[in-house]
Structure formats: C-alpha cells, structure tokens
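Chemist: Here is how the chains run, residue by residue.
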Amino acid sequence: MKNTAKIILTLLFVFIVLVFLFSGRNQLRYTLSAEEVLLEIIKEDYDMSPREANEISVNKEKTTVFIDLRDPVLYDNGHLDQAVNIPSGKLLDRHFMKMLRNFHDEGLTMVLYGQDHREAVGPFLFLRQTGFNRLKILTGGYDYFQRVAASGNGVEELPERVSEEPRYDFAALIEEIGGAPGQVQQAIAQPVIPVRREKTTTIQGGC
Amino acid sequence: MMMKDKAYWILAAVLLMLGGGLLVFSPAGKPDELPPEELFRAMHDSSRFLHTDEVTRRIIEEDPSLLLIDVRNSESFRSFSLPGAVNIPVTDLLLPEWEDYLRAPGMEKVLYSNDDIMAGQAWILCTRVGITDLYIMRGGLNLWADHILVPEAPPETASMELTDRYRFRLGARLYFTGGTGAEVSVMQAEPIPVVRREKKTTIQGGC
Amino acid sequence: MGPLIPQGVIDPAWNNVFALLIGLAFGFILESSGFSSSRKLAGVFYGYDFVVLKVFMTAVMVCMIGLLYFDYMGWMKLSSIYILPTFLYSVIIGGVIMGFGFILGGYCPGTSFCGAVIGKIDAMFFTVGLYLGILFFSVLYPVFEKIYHAANLGPVQVHDLIGIPAAWFAFAFLVAGLIAFFVVSKIEARAKKVEY
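Chains as they are written, first to last, in our numbering: chain A, 1 to 207; chain B, 1 to 207; chain C, 1 to 196.
Among these hints, one or two may not hold up.
Said to hold, decoys possible - Chain C stretches covered by chain B per the calculated footprint, using a threshold of three residues with CB under 8 angstroms from any CB of chain B:
id, stretch
1, 88-98
2, 178-192
Claimed, not checked - Over 10 angstroms on every C-beta distance to chain B, these chain A residues come out as not near it, computed from the model:
id, residue
3, Phe15
4, Leu28
5, Glu35
6, Glu52
7, Glu61
8, Leu74
9, Gln82
10, Asn85
11, Ser88
12, Gly107
13, His117
14, Leu125
15, Gln129
16, Glu165
17, Tyr168
Hints were generated in silico from the structure; no laboratory data involved.
C-beta atoms are modelled at their ideal positions from N, C-alpha and C, and glycine is treated no differently.
Given only the sequences and the hints, what does the whole structure look like? Please build it.
Modeler: Here it is as structure tokens:
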C-alpha cells in the first residue's frame, strides 16, 4: 500500500517535470532589451529601396529572401520574385517560425514587405527583438515597388504615408484658417500630473 | 534516524536541483515586461487604433481620461501640437521621469506623431515594457489635418452619417483654429467600446 | 495565464469556495503535524523541536521555486502578484511583539484556532487574547498611526534591494534553508526528548 503511494507520487513528480521541460521549449524570448529596441528604432537603417530590391530580384542573389506579409490571396495575385508568403498575423505559427529560423540560421537577409510601408513596421520590430537581426523593410511596400517598376526604375516620388514627414505646416495652416494666431498655443493646457494611486487598504494575513 | 537522514538528503538534492535549474533558465527580461506572444497578440488587436474623429471629439469634450502623448521631437511639438498633449519624444520614452505619465492609472494614453509609423513603434516599445491602456491615433497629425483642418465636403447625395461627420469636422475646425464662441456640435458617435484590462491584480495572503 | 481568478479564468464567485477548501486543508495540516500543541511552537525557542521552522521554511522554499518556474514558463507572471509594501518600523515592532507572543503563549494566530477547536484551554485563552489585542490596537490606532505608516519602503523585494537576480537569491535562500535544516536536526538530536 505504502509502496503504491510512493510509486504514484514519483510518477506524478516525473510527469510534472516532463511537462515543465516540454512546455518551455518553443517559447519566444526577447533577445534585445527595451533600451536596445529603442536604439534600433532611432537608428533607422533598415530600409531597402525598391530599386535595390529589384536588382537583387533580377540577379537572383542567394543572400536575400523577401517575406510577403500580406494575405495569401494578395500574394497569389502577384508578389516579388523569391518572395515567400508569411501572413503577418501568422508569424508565430510553428512552421512559419521554423521557416524564419532557418532563413536566419542560413545567414539570409530577410526583407519584409506588406501592401504599404507601415504593414511591415510592426512585424519588423517584433522579429527584431525576438532574435532576428538581418532584417530590412522594403520602402513603401508592394504598392510603391510596383509603381517604381512601372516607371522603369526611374526616380519616383515617395508615396504618401510612408514617412514621418509632416504633409502640412500645421501651425501655419491653423493660422491661415482661423486668422487668429496664438489661439491654439493658449489652448495647450498642461495636464495635471497624474498622481499614482496608492493601494488602498489591504487585507493582511498572518498564520 | 538513518531513514530520516536519507529522506533529508534526497529532498535536499531535489530542491537544490530545482534551484540550480532556475539559475540555468534565468528569466528573460524584466519581470513586468509583456511576454513576446502577448505582445504579438496585442499588436494584432485593431482596437489599439483610435480614429482621428474620436480623438478630436474627446479633446473637445475635455475627456479627463484622455492623455495625449506627442512622440515627435520637441521642436515639432513647440510649433504645433494637439491641446493638452504631453511631449515625450521617442528617444525619451524609457526615461524614468515619464513613467508617471505613461503608467498613469485610469488614463487612456493616445500616442501620435506626424504619421503613425513612429507612434506605432513607440506603441510596441511601451507595450512591451508593460504599459497598458495605450492607443495610437491612426494616421497621425497628417490624417488629423486632412480630416479636421481641411475636411472634404461629402457629395450632396451622401448619407446622413457622412453629412453629420462633415458637420462635426467643421465645428471641430472652428474649435481648433480659434473660433472660441463657435458652437461645436459634438458628433453623437457611438463610443468605441474599450476593453479595459484589469489593474494589477492583487493577491493577498499570509502564512 | 494565471492567477486564475483575477484574470477571469475562474469566476470570482468561487473565491469563497476556494478559501473554504484551502482553509480546511490548512487547518487539517496544522493539526496533523502537531501544531495545535503550544509546546511544539515554543520548542523552537527552547531548542528541542524545530518542526515549525522546517515546515514554514519548506513552504516558503517550495512556493518560491514554484512561482519562479511558473514565471519562467509564462503560466503566471510574477509581476501580477501583489506584494505588500514594507513598513520598516511596523515590521520590526510587530515582529518583536509577535515573537514574544509565540514564546509566552505557544501559539500563532492560526494554530491557536486549531488548538481551540480540539478543546485546548490555553488555546482558547490565546484566542480571546488575540481579539483583545485587535480591539486594543483598533481603539488606540490614532496613537500608533504615525509609527504604523512610518518608513514605507514600498513593495520591495530583497533581491532588488541588494541588486542580484531573483534566481540567484532564491538559490542562496535554498542553500541557507537546507543548511539551517541540517543544523537544527543536530541540535534536536542533542536536546532532551519532550513529551507532548
């Protein structure tokens, strides 16, 4: 009787240990600290121009792989040569993650693109801080790439909503419309510094 | 006595092994960081974007739970910013002096930049370090100016909804450009349901 | 994933059910390990019985290791656990008072109830005293208030204070605990047997 209990307990213990070992396996981990991610954002050296991308595409360079983050439907309708389709919502799916790891291990540069520029920004930053370091973003996304290609790789104006450049001189615009300079500036109220709420009473326990 | 000692040594070995395991699997990152999987899930939750009209309405209504955060550099901020906004340039996001703003309980923090690329990057960074109730103004100031400062009149055949929205934008334009006495017809928009994450959970206990 | 109730995995209405179940188990274990005898607790101070130390240290160690692993596995974030703020003076003064109470009465609040329900008269007196103490403190709260809230260090953790990773602290604590167990078992062996 006592022995059965012992055996059962031992088995339970072994089971728990096994569960521990297996459940921790495919876990993602941050490889960059928050500060390093910030530096990465500030550096802004991760853009690849469509022309560069086109050259790679034409020369069939083996050091680069394009990652199409759009829906499979859009991918089927047309994509860059040498592009693999990994929809951005499914990045974490096991086989896609494995694929990305393989590219990474082979030392390939991964160029991410979506329909427009911004679609790639989030996935880029996410992958960048979870262990991938040879990443680039195709400037302007697929739309812009096509337009550049259509213009015969001539210089094409950057499409809207690619950069953080302001499209208006906001202050001047407001002045122009309202004709009352300074009004807005006055309206800027300094918000009250929020006081962090103290934890109210807590139930204290004792043995 | 012999038996008892044996039990002690076995249990001690098990505990030491488990403790040693902790040293090997040292936890990644700081404890209040969001795990990568959750960050990924949060990134694909579209409720993190707020529409420019929604932000405008809340500015006009002087919503006390709204905290606008301008992540552009201080120069752009001085030249123009939304009323009540706090300037936290992207480069300064992780500085401890801004913690009280970013972690203000009960406030909905709305990040904006000229477009929403930089705000989006800031969002990922801040969400990763565990800041909650964080939103992005979709399209940033550029789209805001498109909508509010130079609103496009809907065709006459447009639906009531579109006309109402246009009227709201015209009213808002007056508000922002210095028409202090102007009547502002606040759009009766359906409030976007915001799923508030529970505040830090408390588990109290004693021995 | 966890903690289960605050995260909404289990409905908060179950709170009291769990409290009851855990309370029952706690009481049962206290009683069955002999904690309802005042001699057992006092034994720690006189050096003939260290079961209390062993039980609570083991509980702390198991809990600590478990939580750290849970955090590592992502099952339960350590940050989602509420840590009581440390009020330095209250802790020191309260600790001294409680320690004297342990030696004098031979019970801690939990075990006094265990003792009372199995009919130990000293435990019943202890329980009455416990409530008198609570009353005394509540009535005189305005007098104590200042010192009660003094030296608030916030929810600090030792490993943060000395600036080492939590895992290393846990390991050091484990080693210290195991050494303590070994030492007290030697002391116990030397002490005179006490009948309960």
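Chemist: If a hint holds in the structure, say so; if it does not, say that too.
Modeler: Here is what the structure says about each hint:
Check result for the stretch 88-98 of chain C against chain B: violated, 0 residues qualifying (beta carbon to beta carbon below 8 angstroms, three or more required). By the rule of at least three residues with a Cβ nearer than 8 angstroms to a Cβ of chain B, the coverage given for the stretch 178-192 of chain C holds, with 5 such residues. At the 10 angstroms boundary, the C-beta of A/Phe15 stays outside the reach of chain B, the nearest C-beta of that chain being 15 angstroms off. For A/Leu28, the non-interface assignment is contradicted: its Cβ lies about 4 angstroms from the closest Cβ of chain B, within the 10 angstroms cut-off.
With a closest Cβ-Cβ approach of about 6 angstroms to chain B, A/Glu35 is found to fall inside the 10 angstroms limit, against its non-interface label. Separation of A/Glu52 from chain B is adequate, the least Cβ-Cβ distance of about 20 angstroms exceeding the 10 angstroms criterion. The claim that A/Glu61 lies off the interface holds: its Cβ sits roughly 28 angstroms from the closest Cβ of chain B, which is beyond the 10 angstroms cut-off. No beta-carbon of chain B comes within 10 angstroms of the beta-carbon of A/Leu74; the shortest separation is about 17 angstroms.
No Cβ of chain B comes within 10 angstroms of the Cβ of A/Gln82; the nearest lies about 26 angstroms off, and the non-interface call holds. Interface exclusion of A/Asn85 from chain B stands, the closest Cβ pair being 17 angstroms apart, more than 10 angstroms. A beta-carbon of chain B is positioned within 10 angstroms of the beta-carbon of A/Ser88; the least distance is around 8 angstroms. The Cβ of A/Gly107 lies farther than 10 angstroms from every Cβ of chain B, with a closest approach of about 23 angstroms, so its non-interface assignment holds.
Distance check on A/His117: its Cβ comes as close as 7 angstroms (rounded) to a Cβ of chain B, failing to clear the 10 angstroms threshold; non-interface status is violated. For A/Leu125, the shortest C-beta to C-beta distance to chain B comes to about 5 angstroms, within the 10 angstroms cut-off, and the non-interface label is violated. The beta carbon of A/Gln129 sits about 7 angstroms from the closest Cβ of chain B, which is not more than 10 angstroms, so the claim that it is off the interface is violated. Some Cβ of chain B comes within 10 angstroms of the Cβ of A/Glu165; the nearest lies about 7 angstroms off, and the non-interface call is violated.
Interface exclusion of A/Tyr168 from chain B breaks down, the closest Cβ pair being 5 angstroms apart, not more than 10 angstroms.
Violation of the numbered hints given earlier is confined to hints 1, 4, 5, 11, 13, 14, 15, 16 and 17; the remaining hints are satisfied by the structure.
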